[in-house]
Amino acid sequence: MVVEGPFTVSFTDISTDDVKKIGNKAANLSFLMAKDFSVPEGYVIKTSAYTLFLKCNKLDNIIQDSLNKIKDNDYNSIEVAAKSIKNAVEGSPLPIELTNEISAKYPHYDSYYVAVRSSATAEDLPSASFAGQYDTYLNLKGLKQIFHHIKQCYASLWTGRAISYRIKNMIPHNSVKIATIVQKMISPKSAGVLFTANPITSDISEILIESNFGLGESLVSGQINPDQYIIQKILKKGKKVFRIINKRIGKKKFATFSKETNGDSGIEQKILSEQKSTESSLSDKIIIKLARIGSEIENIFGGKPQDIEWAIDQDDRIHLLQSRPITSMSPQKNREKKMWSRGYSDDYWNDPVSPLFFELLGENLTKIVNIELNSILGYENIDNKLLKLYNGHVYFNLNVLKLKVENEIPKMLRNEDLLNYFPDGYGYYGKETIKNLPFHIKNRVIAEIRVMFYDPDGSITKTAVKYDEWTNMIFYPFCINFDLKLKKIEDTSDGLALFSLAEDLNRAMVPHFCLVRYGIPVHNIGMNLMTQYLLTRFLGKNESLLYYPVLISGLKHKLTETNEGIHSLAALIQDNSNLKSIILDNKSENIYDILKHEKNSQIHNFLLEFDNFLKKFGDRGFTREPYYPRWSEKPMIHIFNILKSLTTETTHEKISKNFFSCEIQEKSEKIVEYKIRSQRFGFIKWKILSVILKLSRLYIIFRENQRFNLDRWITRNRMVFLEIGKLLTNEGILKESNDIFFLKKREIEDLLHHRFNESEMSKLQIEISNRKRDFLKFEHEVPPKFLLDSHEFNDVLKYSKDSLIFQGIPASHGIITGRIHIIRTINQISTVKTNEILVVPRTDPGWTPVFSKIGGLITETGGILSHGAVVAREYGIPAVINVPNACKLFKNGQIVNINGYNGIITIKN
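Mapping to the numbering used here: the sequence shown position 492 is 473, numbers consecutive.
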C-alpha cells in the first residue's frame, strides 16, 4: 500500500475531503474557525502520516503480536501489551517525508510555543466518553520537541486504558487512526470547560461552566476544586437571555501555567495565595459571554449539547480549544446532587470535630432532632442523613434545611440571617429560590396539631419550662452520680464497665435532645425571625435593624453568669498586687501550682473563689469538641490565659456594661412601644409584638442554658473515654489516651471485647493515625462554606486585599474606631489588648469572657444568634459578623471603623 501526502493541512485550508483524515477534534475546530469563532491558529498532521509511520517502522506486526498475547481481557496482560507497543512507537523515527513537509510548510511554528494535541478518528461512543484519554502536550518549542511529542500522541493510542476501552466496546483496533494538531499556544489568565446542558442534572435549560486561573490542565487533572457557574437560558420575546443562577467559588489551591523562565518548555503548577484561591476566576461579563458563545456553538452543531474547552487570553478574548458532544446524558433529574452547608454549623456546631464526637453528638441530632421529629410533625420525603463530616468539620444537609423552610418558615420571615445558610443565586438551593419557595401552611398546622397529641412538651409554652425541670431534677443529680461511679470504676480498670457508663451518659441526654429539637430550630429561630419581621412591618427596615439587637440584649443566662464569674476573679486579681504579678509574670500552665504553694491569706481566699468557680463552670471549654481539655483540667491553661488578658482591665466598670445594656434594652422597648401604639391598631400590634418578643428572649436564654448542659455532657464524655483511652494505651493499642477520639464507638467496643485479629488491629492503628492527621491538619482552617457531594465551593468573595470597605451582618450596635487584632486560636487570647477590634474565624462561649475588654468584634462566620453576637450585645460592643476571609483580608495593627448599626467596616489606614 502506497501512502501519499500531503500529510499536513492548515486549519484554514481543511476541505470536506480532509475531515475523515484529521480526527473529530480537529474537524470540529476547523468547522468552528470557518464559522468565525476564535480558534488558535495551527495545522493538522493527518491520519495518513500515522499510517506511514507504522508502515515505515513495520509496527503493524509488532502491535498485532502484542495484542495477540492479551489473555481474556486480563488487566495485567493488557498492560504488558500496552508497554510493549508504547516502547516500539516511541523508539521509532518519524518518516523523513513527514518531517521534511512540516519543516518546509510551517517553519514559523519553530519560533514560538505550541501545543501538540491528539485527534483520534473514534473517541466517543454515544453512551461512553473516552475523550481526554489521548495525550496533549503544552508549551513546546522547536521542531525537535514537536516531532518527539507527535510520537507521544501516537503512543497514547495504545495505552492500557485505550486498549481496554476498545475491547470493552468491541471497536476493532485497526479501525482507529490518530491525527495530531499543532497549535499556537496562548497564555490564558483563565481556562476551563463549558457544558451547554447541565451534566449534573441533565437540565438542557442550564449551562454549566467550570474554570480556574491559568491553563485548563488543572481542571483536567482533577486535583483542584474549580469555580463552577450555572447559567439559565431564558427565552424572552423570541430572544435567548442568559442569567447566572449559581456561582460556586472553589478553593483553588494551585493553577497551571506555561513555564516562563530561561526559555523552558512545558508547564508548571503554581500555588495560589489564600486571597487568589478564593477569588472568582471569571467576571460576570465573561460568564455571560461564554454562555452566549456556547449556545451559538450548540446551535451550529444541530442543537446537540456540547462539551467545550476554552481559554481567555490577557486581553479577555475567548479562544476555543475543543467542542464535542456531551456523552451519557441521562434523563433529566429534578434536582442536583446532595449539597451540604457549613452556614448552619456556623451558628450551632462550628468547631473542629473528631470522629468519635461526630458520632456521639451527630447520632443524637440525626435520630432525635431529624428523623424522629420529622415523623412526629408528619413531614415526608425529608432526607434521613442530616450531617456530613468533611475535613474535620460538620456540614448540614441543605435538602433537609430547604424542606424545613418550606414547611415552617413563611416567605415574609425569610431574612438574610436565614438565607445565609444557602448559596447565592437562583439554583435549586440558591438564596433567591429559597426566598420564593411556597410556604405549606397546611403542613405547618397539621404539624402543630400532631405535636399536641404526640409530644406535648414540644409546645412553645412548655418546652423551656420542661427543660428547666429536667435540668434541675434529673440531669444535675445524674451528673453528680455519674462522677461518683466513674471514680469507682477508674480504680478497677474495667474497660467494659467504663463503656457501659458512657452508654448510660448518652441515654441520660436523650430528653435534652427531645426538647432542644423544638427549642432551637423551631422556637428560637422562629420567634426571632417573627420579631424581626414584625419590627420591619411596623417600623420599617432601618428601625428594625436599629432596635432588634438591643431588644434581645441584657438577658441573664448561663453564658453571662459564667462571664460575670470570671470577671469577679479578675477583679480579685486586680486588687492584689502580689496575686497580679504571679498571674502576669508566670506561664499559664504553672500558675495554679504556684498559687497553691503561696501562704498569703488573700491568695488563699482567691483560690477558694477560683475552685468554687470551677465547680460551677469548670465543665466549660473553648470548644464543644471533647478532644480538647476543659477549664477544670489541670494545668488550666485556657482559664488563666483569659484571666491574664482581663487582669489589666478596670474590671468593675467592664462588668457594669452588662447591666447598662439592660437599661438600654428597657428604654428601647419603651420607645418601640410608644412608636407602635401611636399607629392605627397600635394597641393590638404592640400586644402581638410583646408576646413574640418575650418568647424570643425566652428561647435565646434557653439556647445558652442548653449549651451549658451540653458542656456538662461533653466534659463527662471526655472523662469516661479518656479513661478507656488510658487502658488501651497501656495495652499498646493506642499511642496516647486522647487517640480514643479518633475511633468510632463500635470500634472501641470491639477493642474492649478483643474482637480484632493482628492484621485488623494493624489496619485500625493506621486508620487512627490517618484520622488524627486529618483532624489536626484542618483544625484551625475555616472550611469551604458549601459542598456539592465532595466538591468544595464558596460564594463569590466580594472583597480583595485592596478593598477599603467591607459589608457584614450587623449583630451588635455601636460605632468604634480601633486597631485590628487577629487571633485564630484560643491560645492567642491572652495577647488581646484593651479596646482592640478582635477579628476571629468563629467564636464559642469559652472565648467570650475577653469580650469585656475589646472595642469591637468581627467574625468570619455566624449569624445574629451566634454566641459571639449574643455576648457582644450583652457587653454593648459593636459587632459585625459573617465577613468571609476576614482573618486574611485584615492585618494586625490596621485602624478600622466598625459600624454595628449597618454592618459596614472601613479601613482607615
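These are computed hints drawn from the structure, not numbers from a lab. Computed from a predicted model, the values in this text were never measured in an experiment. The beta-carbon is built from N, C-alpha and C at its ideal position, and this holds for glycine as well. Careful, some of the hints might be misleading.
To be verified - In silico lysine to aspartate or glutamate, EDC-like type, Cα no more than 16 angstroms apart, as pairs:
id: 1; residue 1: Lys596; residue 2: Asp464
id: 2; residue 1: Lys869; residue 2: Glu762
id: 3; residue 1: Lys539; residue 2: Asp825
Claimed, not checked - Computed Cβ-Cβ distance ranges for the label pairs, DEER-style:
id: 4; residue 1: Tyr407; residue 2: Glu(-15); range: 20 to 28 angstroms
id: 5; residue 1: Lys234; residue 2: Pro437; range: 47 to 55 angstroms
id: 6; residue 1: Lys580; residue 2: Tyr882; range: 22 to 30 angstroms
id: 7; residue 1: Lys392; residue 2: Asn571; range: 56 to 64 angstroms
id: 8; residue 1: His734; residue 2: Ile885; range: 58 to 66 angstroms
id: 9; residue 1: Phe759; residue 2: Glu484; range: 47 to 55 angstroms
id: 10; residue 1: Lys234; residue 2: Met742; range: 55 to 63 angstroms
id: 11; residue 1: Cys643; residue 2: Lys392; range: 29 to 37 angstroms
id: 12; residue 1: Asp17; residue 2: Lys423; range: 52 to 60 angstroms
id: 13; residue 1: Met742; residue 2: Glu484; range: 21 to 29 angstroms
id: 14; residue 1: Lys348; residue 2: Ser481; range: 16 to 24 angstroms
id: 15; residue 1: Lys423; residue 2: Lys348; range: 52 to 60 angstroms
Structure-based check of each hint:
no.: 1; hint: Lys596 x Asp464; in the structure: holds (13 angstroms)
no.: 2; hint: Lys869 x Glu762; in the structure: holds (12 angstroms)
no.: 3; hint: Lys539 x Asp825; in the structure: holds (13 angstroms)
no.: 4; hint: Tyr407 x Glu(-15): 20 to 28 angstroms; in the structure: violated (57 angstroms)
no.: 5; hint: Lys234 x Pro437: 47 to 55 angstroms; in the structure: holds (52 angstroms)
no.: 6; hint: Lys580 x Tyr882: 22 to 30 angstroms; in the structure: violated (53 angstroms)
no.: 7; hint: Lys392 x Asn571: 56 to 64 angstroms; in the structure: holds (58 angstroms)
no.: 8; hint: His734 x Ile885: 58 to 66 angstroms; in the structure: holds (60 angstroms)
no.: 9; hint: Phe759 x Glu484: 47 to 55 angstroms; in the structure: violated (30 angstroms)
no.: 10; hint: Lys234 x Met742: 55 to 63 angstroms; in the structure: violated (35 angstroms)
no.: 11; hint: Cys643 x Lys392: 29 to 37 angstroms; in the structure: holds (35 angstroms)
no.: 12; hint: Asp17 x Lys423: 52 to 60 angstroms; in the structure: holds (56 angstroms)
no.: 13; hint: Met742 x Glu484: 21 to 29 angstroms; in the structure: holds (24 angstroms)
no.: 14; hint: Lys348 x Ser481: 16 to 24 angstroms; in the structure: holds (20 angstroms)
no.: 15; hint: Lys423 x Lys348: 52 to 60 angstroms; in the structure: violated (27 angstroms)
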